[in-house]
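Engineer: Kindly generate the complete structure, drawing on both the sequences and the hints.
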Amino acid sequence: MDRQLMQETGRHPVDQVLPLGRMSAVAVQHVASMYAGVAAPPLIIGAAVGLDPAQLTTLLAASLFVAGVATLLQTLGVWRVGSRLPFVNGVSFATVSPILAVVAAKKGAALPLIFGSTLIAGLFCFLLAPVFCRLVRFFPPVVSGTVITLIGVSLLPVAGNWAQGGNAHAAGYGSLADLGLAGVTLLAVLVFNRYLRGFLQRIAILLGLLAGTLVAVPLGKVDTAALGRLPVFELPHPFAFGAPKFELASVISMLVVMVVAMTESTADMIALGEVVERPADDRTIAGGLRADGLATAFGAVFNGFICSAFAQNIGLVALTRIRSRFVVALGGGLLVVMGLMPVVGGLVSLVPQPVLGGAGVVLFGSVAVAGIRTLSKADLSVGSNAIIVAVSLGFGIVPIAYPSFYHALPEQLATVLSSGISAGCVLAILLNLFFNHLGRGREIPPAYVPEAQIAALGKVEELSERG
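Our numbering puts the first residue of the sequence shown at 16, with every later residue one more than the last.
Please note that the accuracy of each hint is not assured.
Calculated lysine to aspartate or glutamate pairs in the EDC-like style (CA-CA distance at most 16 Å, straight line) [to be verified]:
#1 Lys-122 with Asp-67
#2 Lys-121 with Asp-297
#3 Lys-122 with Glu-262
The set of hints was computed from the structure by calculation and includes no laboratory data.
Structural biologist: What follows is the structure in C-alpha cells.
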C-alpha cells in the first residue's frame, strides 16, 4: 500500500497524509501505547513530594501537554528543530531516580530546584545537538546498557513502596489488603499479556491498572471526592509550583540524565529510520535532539520534565506498517488536548498506590530487561567490558540498597552520588574511555546504535517477519 501511494503521490510514506479515519485510529493506538509511560513519572514524583490530588493532577496534565508539544515538534518540525519522522516523545524514565534523590535531600522545596535544573538541561541539549550526534561512539552498548539497567533497578523500590500503600507513616502501611491489591494487579497484567493479542496485548499494563482499580473500589481504596472539583478545561500555568531555583548538584544530576535521554533518542531515531526506510543522518538526529531540548526547556516552564523518545511506539509503527509522521502528529495533538483537560489527569490519579505498585513491578522490571538486552550486544567476553559493567552497576546499586551511604559527604556531592543512575552513568562513561579509548590505539567501530532501542530493532525485525 505504501509503495503504491508513493508511486501515485511521489511522496515518501513518511510524508504522506492518509484519510482522517485511518489516521485517527492509529493515532489513538500510539497514545494508548505510551500513556502509562507518560503518566508514571509524574505519579512517582508527585507521591514522593507529597502533593495533594489537585497538585498531582496539575503535574500529570503538564506531562501530557508537554509530551504532545514535543511529539508535534518532532513530527512536523520547525526550522531545524524536529526529526520529521513518526517519532513519539514524552517524559523520560531516566529522570525519576535523580529527582527522587533531590526530593530526599530538599523535601518540599524540591520542585523549584528540579524545574530550574530541567530548564538548564533542555538548553544544554538544544545547543549541544549538532555536536552530540558525532559523539555517539562514546556511548556504546556497554555504557548505555549499564545505564538503562540501573534505571530499571533504581525504580523497583518505588514499586515496592507503592505496593505497601505509598506512605510509610500512614496507618495500615504494608497491610495484607494493600499487598493483595498489588498482587491482583500484577496477576491481571500477566494474564492480559498472556492471553490478549495485538493492540490489546500492548496495553496490558493499562488494562491491569483498570482492573486493579475496579477491584479497589469496593475495598474503599478509591477516593473520587477531588474529581468533582476539577475543571474540564484549564490552560497550563507557568511555574505553578514556584519560580525556578538553581543549585549545582541538581543541575549536574539533570545534565547527566539529559545525556542519557539524548543517547536514547539518538538510538531510537536510528532504529525508526530503518523501520520507515528513511535512514536517520546527522541532520535528522541533530534536529530530533533540538526538539528534545526545546521541549524539555518548554516543559520546565510548564511544570514538565526531561523529554526523550518512547521506544514502544517504534514497534507499533512496524506492526501497523503505517509510516506517516502526520499520524503520530495527530497523536501529539490528542496528548495536548488531554493535557488541557485536568479531569483526564484526575481520572488517572484515582488509581490507588498499591495498584500502581503491582503494575510497576512489570513496568520498571521491563526497563531493566531492556538494559540487559542492550548489554547482550556488548562483547562481555572482553575483560575490560565486563569490568566496566561490574564496577558501574555496583557503584550505581550501592545508593539504591544503602540510601545513607554518602551521608558524610558534602550535601551537593551526596545529592549527585545518591542517584544510582547519575553515579553509574558517569562512571561507565569514564571507565569506557579509560579502558577502550585512551592510549590504546584501538579501532573504534564508526557507528554504534547505542541504547535500549537496539532491542527495539530486534523486535522490529521480528514483527516484520510475522508480516
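Engineer: Hint by hint, say whether it matches the structure.
Structural biologist: Going through the hints against the structure:
1. Lys-122 with Asp-67: Cα-Cα ~15 Å, so holds.
2. Lys-121 with Asp-297: Since the Cα atoms of Lys-121 and Asp-297 sit roughly 40 Å apart, the hinted pair is violated (cutoff 16 Å).
3. Lys-122 with Glu-262: Satisfied, since the Cα-Cα distance of roughly 15 Å is no more than 16 Å.
Hint 2 alone, counting from the list given before, is not met by this structure.
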